[in-house]
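Protein chains in written order, with our numbering: chain A, 4 to 598; chain B, 1324 to 1622.
It is worth saying that the hints were derived from the structure and are not from the lab. Heads up, a few of these hints could be off.
Unchecked claim - Think about it this way: if two alpha-carbon atoms lie no more than 25 Å apart in a straight line, the pair counts; the simulated SDA-like pairs of lysine to any residue are:
| id | chain 1 | residue 1 | chain 2 | residue 2 |
| --- | --- | --- | --- | --- |
| 1 | A | Lys479 | B | Ser1415 |
| 2 | A | Lys479 | B | His1368 |
| 3 | B | Lys1464 | A | Ser478 |
| 4 | A | Lys479 | B | Thr1416 |
| 5 | B | Lys1387 | A | Ser478 |
| 6 | A | Lys479 | B | Ala1581 |
| 7 | A | Lys74 | A | Gly317 |
| 8 | B | Lys1464 | A | Ala463 |
| 9 | A | Lys479 | B | Asp1429 |
| 10 | B | Lys1464 | A | Trp480 |
| 11 | B | Lys1509 | A | Arg588 |
| 12 | B | Lys1464 | A | Pro465 |
| 13 | A | Lys282 | A | Val300 |
| 14 | A | Lys479 | B | Gly1430 |
What the hints assert, rightly or not - A short list of chain A residues far from chain B (calculated; beta carbon distances all over 12 Å):
| id | residue |
| --- | --- |
| 15 | Val53 |
| 16 | Tyr96 |
| 17 | Asp296 |
| 18 | Glu336 |
| 19 | Val405 |
| 20 | Asn466 |
| 21 | Ser467 |
| 22 | Val519 |
Claimed, not checked - Covered stretches of chain B (in silico footprint by chain A; criterion: 3 or more residues with CB under 8 Å from a CB of chain A, positions within the stretch not fixed):
| id | stretch |
| --- | --- |
| 23 | 1378–1387 |
| 24 | 1567–1575 |
Please read all numbers here as calculations on a predicted model, not as lab measurements. Cβ atoms here follow ideal geometry from the backbone N, Cα and C, with glycine treated the same way.
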Amino acid sequence: MYVETVTPEQPQKITTSQHGSKAVKRFVALSSYGSPYLWLMGGMLGISLVMIVGLLLLILVMGSSTFWPQKIVQFETVDGKRHLGEITRTETYKPSNEQVGELPEAYRNKARQFLESQEGFSKRYLVRTGNYELTNTHFHWISDFQIQNTTYPEWAFVWERVSWGRFYGILKGFQVDGKTVTEDPWETYRLFQEQFPGVQKKRKQIYHLEKEVLGSLNSRLEKARLKVREKELNLKKATGESREARQRELQEAIDAYSSLKEKLEAEYGNVRSRIETLKAETKRHGVLMQVTDGSVVPVPLATIVRGYPANQLGWLEKLSVYWDRWKEFLLEEPREANSEGGVFPAIFGTVVMTLLMSLVVSPLGVIAALYLREYARAGVLVSAVRIALNNLAGVPSIVFGVFGLGFFCYFLGTSIDRLFFEARLPNPTFGTGGLLWSALTLALLTLPVVIVASEEVLAAVPNSMREGAYACGASKWQTIQRIVIPRALPGILTGMILAMARGAGEVAPLMLVGAVKLAPELPIDGNFPFIHLERSFMHLGFHIYDVGFQSQNSEAAKPMVFTTTLLLILIIVILNLVAIYLRNRLYRKFISREV
Amino acid sequence: MLQKLEPVDGRRNMKDPKIQESVNAIVRVAHGMEMEPAIHPAVTHLKDNEVVLRIKEFSLWYGKTQTLFRISMDIPKGKVTALIGPSGCGKSTLLRSVNRLNDLIDGVRISGDMLLNGDSIYAPEVDVIELRKRMGMVAQKPNPFPMSIYENVVFPLRIDGIRDRRILDEVCERSLRGAALWDEVKDRLQDSALALSGGQQQRLCIARAIAADPEVLLMDEPASSLDPIATAKVEELIHQLRGEYTILIVTHNMQQAARLSDFTAFMYMGRLIEYAPTGILFVKPQLKETEDYILGRFG
Ligand SMILES: Nc1ncnc2c1ncn2[C@@H]1O[C@H](COP(=O)(O)OP(=O)(O)OP(=O)(O)O)[C@@H](O)[C@H]1O
Ligand SMILES: [Mg+2]
């Protein structure tokens, strides 16, 4: 059109030329200035970043420093006592008057002066002194005004033990069969290094015998017992002429059981005596340690996991201790109510459970999303389903745990038990928490994430691709299967990554449906059928909770909380990286250069 | 905007009477005044066996807005028929109606029918999938699938369950040669099709469209994203395919329509305006509207 229009609403610009020299100050909306908003947004981002990075950094620093060997310090306090150990924490506080009053007369004034010079503040150290069986405590608080003398004894040694926690002392000699063979610390250290590997080997043998050999004997016997029980039940159900045959079967089973029992009992005794001799052998050697009250105590090598002269270690030796501790942490089983030793079963449990969960949730979620996006007609019902899904994502996870316990364990589990594992009753097989139920519960928990994410990606598949396939004469299913799913796969994997991260870090529901403090067996092992879905398992998240808040020796366990958290985060990161790698490969294959 | 216009002379200050006439023509159509389309006898008196596609009184609505208005035309067998018209006039819609792609869009309604070699396309008992297999389509925007070049080309065969490697290989090569793409991709058939350039993707889609030997080839601006050389190749291809296939092609390029097609249909605002042998339509159009469009006076 050629007609130029001027809409009357358009504001007239006021210029100074029209109004002479009178400059008219126009009102300008705040929103027209970009910079305050920019600052606001930047600030928000900054705050979020600081919080996230701060948390990660804290976990990283605390978690990775736990295993670094510390020096062993000896404080001589004014009351004449000595404390030998590692400083685990330092803090500043204001000591009360009574605390100073408890000091011996002669030192009170000196201590008051000292405190005054520091404006009443004192530094105190939490010293891990160990030797629980002698002192009934693992830790001591020592304030700086109590200290008379600080030394780092050359031959101060720390022993990490199988039980009773750490032992701190000064190396005094080596014992064989109760006789002291040397009192020279160098010679003692050499003898220790010479003998210790043998002791460790024997300990491993004992572990093997107790756990695997005796374990398999027990399981064989248990199988025979179950057979007897099964026949008993059969007999009870049988009627008429089949009774006789059943009776005979039962008798056969009983005979087999008793003959097996006899045979196994002999074997059992055999193994037991082998274990006893091994144990006796490991107890032959011991180191003599002088503790702070001056007495000398023997520490048998059999009880020792690791030990080192902390104040003599060079940088490389410290690194090797550090490395050794990480290795133990990653590959061994826990000791001492989980506060020491490794977390291998928990790592294993976490990974197996997470993978199993992904295996369940991905097909379910993807199929549900496919139905919602590709087949379901938009309408009230579909909207309701979507809303329900989104709300499901907001349900507290403990509720899923309760549901899992009620539905999976008690309802499904007991039904399965009654049908297939009747002989084992009243001991539940599936009727209690276990790996399978945990995976299913978490699958339910993460299902909304997967569905919503998958739906989004399916919606993002260009319609032109679908039309292209239809135009070639593809059916709906062929289009979905050959075009839509491959194209959406990378995005679906992203959804799975999110779900995995969420699932792997979840603790609350697991406490109800299968994670335990200490699982006697791994969920996958060498005994038929190899994957034991009914077994309870250990989980890193639960482990953190247990170590941090349920532990007797909470002060010693605290660093383990950070280390375990660090590990859990690392595992999630690794799982994610694998998934991201896969996704990127798919992405390159299917999407890359498309504009 | 058009509502403000009325077909009355002298209201607006327009000197050129030709422009005024064109405006009047536009306004006539815009007001839905029924206008008989000018259809050349060469395409009205076709025998049944000379017609591949018979469009009968076809109208289409997207929801409440009508997009196609009672279109009737016969597409002759083995010939190239071009659809021209300004943007938004419904060329793509008409083309997509032929293989019922518009079925996929919610809220589409139609009336009238089309016959493919005498078989109704819109009858309720028609198997749409079988129907679509009888046609090949090249969309306005290239839409390669997320798979290898090879799999893209043989996709129509794959969905028929053909697994014989020999047949697939042969079809792949023949189609790619047909689409003038073979030399460029013969060494990387297993690479992703999405890594091809836009023009190569366009030709790949052409190769895919001819892979299953369709009865009708529907092409929606197949040269829109191609450089002159590739365009020449595609035109060359269409030349070769003429006779063997029936081609219905949408184009914005008058020269292309004039060069390539045997018949040309001019559409405007959802209506068929004029339909005649290309030579006649471009040289001696019956209607003012057609002439204006061809000479670039509007649209
Ligand atoms: N999916 C749809 N839903 C609603 N309206 C549509 C849809 N597709 C097309 N239309 C409308 O139908 C009309 C005709 O569109 P069509 O794509 O057929 O035009 P065209 O002639 O192919 O134009 P161009 O030359 O720009 O490709 C347009 O007004 C468009 O807005
Ligand atoms: Mg179009």
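Evaluation of the provided hints:
Among the hinted pairs, Lys479(A) with Ser1415(B) is consistent with the structure: their alpha-carbon atoms are about 22 Å apart, no more than 25 Å. Distance restraint check for Lys479(A) and His1368(B): the Cα-Cα separation of roughly 39 Å exceeds the 25 Å cut-off, and the hinted pair is therefore not satisfied. For the proposed pair Lys1464(B) and Ser478(A), the alpha carbon gap of about 22 Å is at most 25 Å, so the pair holds. Distance hint between Lys479(A) and Thr1416(B) is fulfilled; the C-alpha atoms sit about 21 Å from each other, no more than 25 Å.
Restraint check for Lys1387(B) and Ser478(A): the C-alpha separation of about 29 Å exceeds 25 Å, so the hint is violated. Restraint check for Lys479(A) and Ala1581(B): not satisfied, since their Cα atoms lie roughly 39 Å apart, outside the 25 Å limit. Among the hinted pairs, Lys74(A) with Gly317(A) is consistent with the structure: their alpha-carbon atoms are about 11 Å apart, no more than 25 Å. Distance hint between Lys1464(B) and Ala463(A) is fulfilled; the C-alpha atoms sit about 17 Å from each other, no more than 25 Å.
For the given pair, Lys479(A) sits about 16 Å from Asp1429(B) by alpha-carbon distance, which is consistent with the 25 Å threshold. Restraint check for Lys1464(B) and Trp480(A): the C-alpha separation of about 24 Å stays at or below 25 Å, so the hint holds. At most 25 Å may separate the alpha-carbon atoms for a hinted pair to count; Lys1509(B) and Arg588(A) meet this at roughly 24 Å. Restraint check: the Cα-Cα separation between Lys1464(B) and Pro465(A) comes to about 11 Å, which is no more than 25 Å; the hinted pair holds.
As the CA atoms of Lys282(A) and Val300(A) are separated by approximately 20 Å, the hinted pair is consistent with the 25 Å bound. The suggested pairing of Lys479(A) with Gly1430(B) holds, with an alpha-carbon distance near 19 Å, which does not exceed 25 Å. The claim that Val53(A) is not at the interface with chain B holds, since no C-beta of that chain comes within 12 Å of its own (minimum 41 Å). At roughly 65 Å, the least C-beta separation between Tyr96(A) and chain B is larger than 12 Å, which holds for a residue marked as non-interface.
With a minimum CB-CB distance of about 77 Å to chain B, Asp296(A) clears the 12 Å threshold, and the non-interface call stands. Separation of Glu336(A) from chain B is adequate, the least Cβ-Cβ distance of about 47 Å exceeding the 12 Å criterion. Distance check for Val405(A) against chain B: the nearest CB is about 42 Å away, which clears 12 Å, and the non-interface claim stands. Look at Asn466(A): its CB is around 8 Å from the nearest CB on chain B, not clear of 12 Å, so calling it non-interface is violated.
Annotated as non-interface, Ser467(A) brings its C-beta within 12 Å of a C-beta of chain B; the closest such distance is 4 Å. Even its closest Cβ contact with chain B, about 45 Å, leaves Val519(A) beyond 12 Å, as expected for a residue assigned away from the interface. Note: the stretch 1378–1387 of chain B has 0 residues with beta-carbon separation from chain A under 8 Å; the three-residue rule is not met and the coverage is violated. For the stretch 1567–1575 of chain B, the proposed coverage by chain A is not satisfied: 0 residues have a C-beta within less than 8 Å of a C-beta in that chain, short of the threshold of three.
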